[in-house]
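Number of protein chains: 2
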Amino acid sequence: MSEQDGRTRVIIENITPRVDDGAFPIKRIVGDTVTVEADVFVDGHDLITCVLLYKKEGAAAWNEAPMAPLVNDRWRGSFKVQEMGRYVYTVTAWVDRFRTWSHALAKRVEAGQDVTVELIIGADMVAAAGKNAPPQQASWHDIYAESVRAGGPDGIERALSGELARLMRAHAERFFACTCEREFSIVVDRERARFGAWYELFPRSTSPVPGRHGTFKDVEARLPYVAGMHFDVLYMPPIHPIGRTFRKGPNNATTCGPEDPGSPWAIGAAEGGHKAILPELGTLDDFRHLVEAAEQYGLELALDIAFQCAPDHPYVTEHPQWFRARPDGTIQYAENPPKKYQDIYPFDFETDQWRELWEELKSVLQFWAEQGVRIFRVDNPHTKAFPFWEWVIAEIKRDYPEAIFLAEAFTRPKVMQRLAKAGFTQSYNYFPWRNTKWELTQYLTELTQTDVREYMGPNLWPNTPDILPEYLQYGGRPAHMARFVLAATLGPTYGIYGPVYELCENLPLAPGREEYLNSEKYEIRTWDLDRPDSLSSLIARVNQIRRDNPAFRSNHNLKFHAVDNEQIIAFSKTDEARANEVLVVVNLDPHYKQTGFVTLPLEELGLDPHQPYQAHDLLTDARYLWQGTRNYVELNPLTVPAHIFVLRRKLRTEHDFDYYL
Amino acid sequence: MSEQDGRTRVIIENITPRVDDGAFPIKRIVGDTVTVEADVFVDGHDLITCVLLYKKEGAAAWNEAPMAPLVNDRWRGSFKVQEMGRYVYTVTAWVDRFRTWSHALAKRVEAGQDVTVELIIGADMVAAAGKNAPPQQASWHDIYAESVRAGGPDGIERALSGELARLMRAHAERFFACTCEREFSIVVDRERARFGAWYELFPRSTSPVPGRHGTFKDVEARLPYVAGMHFDVLYMPPIHPIGRTFRKGPNNATTCGPEDPGSPWAIGAAEGGHKAILPELGTLDDFRHLVEAAEQYGLELALDIAFQCAPDHPYVTEHPQWFRARPDGTIQYAENPPKKYQDIYPFDFETDQWRELWEELKSVLQFWAEQGVRIFRVDNPHTKAFPFWEWVIAEIKRDYPEAIFLAEAFTRPKVMQRLAKAGFTQSYNYFPWRNTKWELTQYLTELTQTDVREYMGPNLWPNTPDILPEYLQYGGRPAHMARFVLAATLGPTYGIYGPVYELCENLPLAPGREEYLNSEKYEIRTWDLDRPDSLSSLIARVNQIRRDNPAFRSNHNLKFHAVDNEQIIAFSKTDEARANEVLVVVNLDPHYKQTGFVTLPLEELGLDPHQPYQAHDLLTDARYLWQGTRNYVELNPLTVPAHIFVLRRKLRTEHDFDYYL
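Sequence order for the protein chains is Y and L. Using the numbering used here, you'd call the opening residue of the first sequence number 43 and step up by one each time. Using the numbering used here, you'd call the opening residue of the second sequence number 43 and step up by one each time.
Hints are computed from structural coordinates only; laboratory data are not their basis. Not one of these hints is a red herring.
Chain copies aren't distinguished; within one or between two, either way the pair holds.
The list that follows gives simulated cross-link-like pairs (lysine to aspartate or glutamate, DMTMM-like), each with its CA atoms no further than 20 Å apart: (1) Lys404 with Glu437; (2) Lys149 with Asp88; (3) Lys404 with Asp47; (4) Lys173 with Glu188.
Take these sequences, add in the hints, and give me the full structure.
Below you can see the structure in the form of C-alpha cells.
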C-alpha cells in the first residue's frame, strides 16, 4: 500500500518556471518579482488553498506567499528576491475544510435550508483551530465558536464573516497538506548580470607610441575614453605570459619573428601561467591599480579565462598527468583533424587526477577574484567538461555571489543552453549572424519569449576579435551603426570589440573569411580614436539612453511590430511598471533610404487609440505626433539608420505630454 | 566536490516520451514500436555512442537498442513491446574513444599525415578491448591490434575496417558512460485497450415482455443483435441490489412507487452491496454464464464500478467509519449545495480507516475479475482520491495485466488527465459537445497529436444515459448517423448507448436539458429493435469497416484536411505500415445537402500527384476516380451523410488498382 498517507488528496503538477524538470536553477536579479504557477486541484468539489513556499537556500523556515486561482486549475503567486545567492521555492496546498464549509453554508442559507447541524460542524472547526492559536487569538476562536454554535441570524453572520475567515486562515490545521517534494532553485545575481554595456580592448594596443607594447597604465589612460561612451564593463583578453613554442605570427602565421607578441590565448611561459601577468603589461600591483581606477570611472573589469596551455606553461612540466600523453612521449596538442594547433595543449578532463585539476582551475578563478575581478569571460567553455563548470561556478559564487560568468561558446544550441544551465550567467550567441528582419525576429523571440530566458542571459555582440560578419564587411559605417543600435536595444546586455568597431574597421583576413585582417590577436595595433567618422558619439548617446530608460533593463519584455518593408525592423520594450514605453525602428539596408508604415498595437502599449501620441526620438531629439496604429517612418543609412523613440501619451495639447521619466 | 565521477562528460537531456518528468508511465499496446528520443552530447569534438536501454520492469538485465543521431544533438532509437505489463526504458551514452580515433585517423590519412603514433594508440585500444571479449574474439582483437600496430597500408586498412569497428562496438569498454538516472515506465496493454467498439445497454430493458424486468438470460438473447452490429464490448450499468431509502422514481422524481426499480447507481440494499447481484437480474451463475455466452459472440463484458452507497448498503452499518458522520448522528449524504442527493452516501476518503476502505474496494474489483470481468467502466472517478486510483489500478493490473479501466470523468481537463496518468486506460471526454468542424478539429488534434496521447486513451461517445446533446435532439436521424460515423472513425475506441441511439430516440427530459426523457436509469423500457429506421445496418457496416482497415486501430495517425465548406469535415488515417490509407468525409449539417472541394496533401498520403487515384467509398461501395489535390464531394444528410473512403493508387488503368488490403 501507498507509503505516504493515502488521505493526501490534493495534486500539484507542472510548477513553472522550472528548468529540465527542476534539475537546474532559474536566474533572477536582486529586486525581481518571481512569479510561480502550478496546476493544483483535488478530487470532488472541495475547495483548496494553495501557498507558494520560498526561502534562501539553507534557511530553516519557509516564507509563504498566497497563490490565487487563474483558469483551468492553474494557480499563481509571486515573491521578491531581495538578496544575491540561491533561493528555493515550491508549492503546498490542502483541502481547506473551513472554506469548503463556509462556501456551502452560504449557498444553504441562500436556499433557505436549515443549517443548525452545519453551524455545529463549523463551530467545532473554529474551536479546534483555536488550539493552534496564541492565547489572545484562541479566545477569539472560542467567542466565534460559541456564537456560531448558538446559531440564528447572528451565528450565521459570524460564521460567514471576514474576521472569522482571517482567523481560520491563520490557525486552522492544514489537514493532509500536499507539498511538492521537488524544490526549485533560483540563482539571484546583481543587476550587472542582466544589464550592462561591454567594451573589449586589447591592452597591447593602448600605447600612445605606435609599435610600443601597451601597458595597464596605458589602459588607465584609456579609461576616460571608454567611460565617456558610457560603457559599464571593460573586458580584456588574457593578460598572462604568452608561450614561445609554436608562437603564432601576424595574421595567424605559423612562424613568427622575435618581436611578435603572439596570441594572448596561448597562455603560459617561463614567467608563469594563469596566475601570472605578462611582464610587458606591468605588475600585479599595476593590475590592481587598474581595477580600482576603472571603478572610479564606473567601469568594471572583466577578465578572460582560457583554460588551456601553451607548451611552455609551467603546468606542463609540473603536472604532466593533466594532459594526454602519446605513446611517443609527446603531449597531445589541440587538433581538429587534419588541422593542428601545436601552440595549445588542452587539459585532459578524463585524467585520473581530475580532482586536482579541478581544484587548481578553481584556484585560478579565486586568485583573480582576490585581485578584485568579479566578471569572468570564459573562453571556449564548450571544450571542457560540463560537470566541471557546474561545480566550479557554484563554488566561486558561494564565496562571491556577485561573480558573473560569460560563456564564449559559439557552438550548437543545446551545448550553449547546457552551459547556461550549468551556471554561466550570460552567453555569447548567434546574434552576429542574425542580420535580416526574419532572422532577428525569430532568434530574439526565442531568446526572450521562450523558456530559454529563464536560465540563459544573452550578451549580444555585433563583432568579436574572431568575428567580422559579412554584413559589417560589406555594409561599412551604416552597417556598424545599425548593428550597434540593434545590439544595444534588443538585449539588456551587449558588447562591442573596439576600437575597431567605432572606427568601422572592416577588412577581412581574406575574401570569404570573417577574421579581421592584421588582427590584434597576433600583433600590436595603433588606433586614431579621434577620427571624425568614429561612432563614439553615437555610442555614448545610445548608452546614455539605455541608462535613462528602464525599459532597456529587462530581457523578457521584447515585442516585434509589423512594418510593411522587409528592410525596416521595429520593436518595443517596456519596464515592469509599464511606465516607460520605448520603440526602436532600424533600417537594415546599409545602402539605401527605406520608408514604411509601422503598425502598433496601441492598447497593448497603453496608448489611447483615439488620441494622438508623441514619438520622441531620443537619438535626434525630434518629436513626431503620431496617430492611430499605422505611422510613417523614413530612415537614411547615411545619416542615422535608426529611431529610438520613447512613446508618450497626449494629455491635453501637443505641447503638454504626460512625461513618464 | 562532485559526488559522481567528474570524468562523466556526456550529457543526456529531454528524453521523450515522458509524462510529468517521468512520474507516470506512457501507454502502449502489445506489438507496438516504442520510439524514444533524447538530446545527447558532450563537450568538445569527441564522438559519442548512444544506446536505448529497456526491459520488463523487475528484470535484472537491460536490453539494448541502438540510437542514431537526427539533427541538433537529438538521438532516436526504438524497440518493440511484446508482452503485457510494465516496461522501463532509459538512455546511456559515452565518449566513444575508438570511433573518435577512427574518425580522426581517416582524416589524417586523407591529408597524408604520418599516422605511426596514431596507429599505436589504436592498437593499444584494440588490444585492451580484447580483454573484455570471449576467448575466440579476443584472439581476433590480438590479430587486429598487431596488424594495426605494424602500420603501413595494411595496418591502416585494418584500422578503418568495418570488421574492427564491429569488434570494438561489441567489446570496447564504455569509459565514463552516463546513464540517465531516471527510468521511464510503459504500461503495455492488450489491443482492446486501444481499439474497440462499445455498446451500452440496460439489462432491465431487455425483456421481450413489455414492463417485465429484464434478466441476464434476456441479455443473452440480445447478444446476436449486438454481435450482429460487430461491437466488441458490451457494457452494462451496475448490476447490484438497488437501495430503497430515498429511491428515485421515473425521470429522477424524488419519490417513487412500490414497483419503480430505482437507479442502478444507488448501490446496496439488504440483499447485498458491490459484490452482490440484483435478484431481478438473476444469480451469480447466470452472470458467469452471460460472460461466457458473450465471449462466444466475440463480445467482452464491461462492468460498471460505482464506488458509492445507497443508505441501505450493508457497508453503512458494517463500516460506519468509512462515511462522514454529522454531529446529529446522521451520515453525510452526497451534496452539491444547495442540491441534495439523499439516496447516495459517498465514501469518506479522509477516514482514519482509509487503508481498510482501499482494501475493500480493491476486493470488489478482484471479485468481479474472478468472475471473468476484465473491463471496468468506473463511474465518477474524479470524486474519489487520486492516490487510491493509482494504487488500486496498479494492484489489479499486477494480477490481471489485461484489465482495462475506463474513467467516466466528465470534469475539468487537468482532472481527467490526472486520472489517465494515475492509470486509467481510457477516458470519456468532451466529444459529445464538440460538434462543429472547428471544435472537432481542435479537440481531436489535442487528443491525438499532443503529449496527452502518450497516456490518455479517448473513448468517444456521441451519447450516454446522462447525455443527449442538443445536436442529437435537434438533428434527428441524420445527426445520429453523422455523429456515429465521427465517433467510430475519429478514434480507435468509441461507444454508443443503445438501443436509444440506433433508434434515434431524441426527446429530452425538458427543453434545454440534455437528459433523456423517460430514461432507463429510473424505469424499465421496451424497444422495438426491428424498426425500419433503425441505424443498426449502418452501424454494422461501419464496425466491419473498422475491423477490416488497420488505419482505424491507431490513435496517433489522424490528419484533418481542408474543405471549402464549414459544414463538411474531412480527415485521413493510416496504419503504421502506411499500407492502408482511409479518408472520412462527413456532412455536419443534419438538414441540408452540402457540397465542397476536399484538398489532400497527396505526397504525404503516398499518392502520385500526377496520376489519378481511386476513392472507394466503403459505406456505399461507390468508386470515384479522383485526380489532383482538390476533389468534389456532395453529401445528403437524408441518405448517408458520410463517405468512408479507402484511397488506392492507380497502377495501369482505372480498373486495375493496387489493392492494399
